Amino acid sequence: MTEIEHYQKLKLELRRGVLILAVLAELREEHYGYSLRKNLASQGLEIDEGTLYPLIRRLEKQNLLTSEWREENKRKKRFYQLSDVGKEVLEKLTAEWQQTQTTLNNIIS
Amino acid sequence: MKMINNYLNSFENYLPEDSKDEVRAELESLIYEELEDMQESLGRDLSQQEQESYLLKLGHPMRVASGYLPNQELINKDYFPAYKKALEVSLIIFSIIVLLTSIRLNFEDLSIIGFVFDVFWRVLEASLDVFVVVTLIFYLLQKSNYDLSKLYSWSPKDLTSSGKKVPLSRFNRFFEMMFEGLFLVFWNHLFFSEQILIESSFMGNEIMQNISISAEWQSVHWIINFLVGASLLLNAYHFLKGHKNTWSTWVNISNNLVSIVVLAFIASFEQYLVIESSELANFNWQKIVEYSNINILIILGVIALVALWDIYADVKRLKGN
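Residue numbers (this note's numbering), protein chains in the order written: chain D, 12 to 120; chain X, 1022 to 1342.
Hints are not guaranteed to be accurate.
[What the hints assert, rightly or not] Listed below are several chain D residues computed to face chain X (Cβ distance under 8 Å; list not exhaustive):
| # | residue |
| --- | --- |
| 1 | 44 |
| 2 | 60 |
| 3 | 61 |
| 4 | 86 |
| 5 | 90 |
| 6 | 109 |
The set of hints was computed from the structure by calculation and includes no laboratory data.
Just so it is clear, the structure is predicted and the values come from calculations on it, not from any experiment.
Every residue, glycine too, gets a C-beta built ideally from N, C-alpha and C.
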């Protein structure tokens, strides 16, 4: 593996860790899959469909999200939002993230 | 958008049964949402090439489906769909090779049951070897981080419209395969045994009776092998896929039609069994032959009715599509 390939692989692993937190935070407001992806991309977090959509499904299976199918503009869409359990988990993860960020900043500096 | 539909049909094939419909509906909604967005920003419909580029960027349907699979222990979900496909194809090929190479055993001095057991263990042994080798290959590919884009190299144009799929019971298919396999063994044993010897007792005396099939059966020996063999292969395909599609339904209909013609030809035979009585010369063996003929005709009639019913069900299904 070349140096660039190593870097890309590690970058991907780093992003994977923050992806769940980003998705949970974004779903404090209701979104359907595509609008969620667009919103995250507009804030600088590009995620490909193959990663995001299975992730949302997994979070729903873990009862962190609720969803419902609705028809909009003659098309059926699945809307997701944080569940009560999801809100609790988000709060704890956010605190954990802030702690980790402080620790890491200390180590790097 | 035929290419998109073919993509979604292919994607659906790699999903687990319980979530197939839901996940497909979700991805379909998302894909069309994105395409509409792109069309809106361009102010026109997307060309075939643009649709193709979009699908290429999305990824091979197998690979996208792998994201929806639970993580596996030995082969992770990125490699699992390709591993599963490789395993399916290898198992079929090697099972057929073992079955074909075992045919010569039928000519050795083995009873039918002995032959069946021998073939069963050979197929099982070959299947275990194939499983180990394919799993090892994919485990090593995974360990070496083999480039997934090479594993899943594809083009959206190569995806075909596979038509509406009809789910089938795998248990029924397996049962039919076993029945057809045993029939083939029994059928060929009849031709390569000189005669069927039947032990019976009459008034306390043990007698041996030579019964053989008439020479007329020779004319249908290989066509029946072909028809039952084709049905066995088709059932194996349905067993693996878990569904029927348009082309496999047509193959089934053709097989049944030819079977009915062959059954009608068999019904025209003058003689089915030849009984040579070696003892009890005054016993009315002719009556036994007549009863046997009637029973054989009844069996032929039942098989023909089943084939007709199968044709009717398949045609109805095709019309419904």
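Status of the hints after comparison with the structure:
no.	hint	in the structure
1	44	5 Å, holds
2	60	6 Å, holds
3	61	5 Å, holds
4	86	6 Å, holds
5	90	11 Å, violated
6	109	29 Å, violated
The structure does not agree with the numbered hints 5 and 6 stated previously, though it agrees with the rest.
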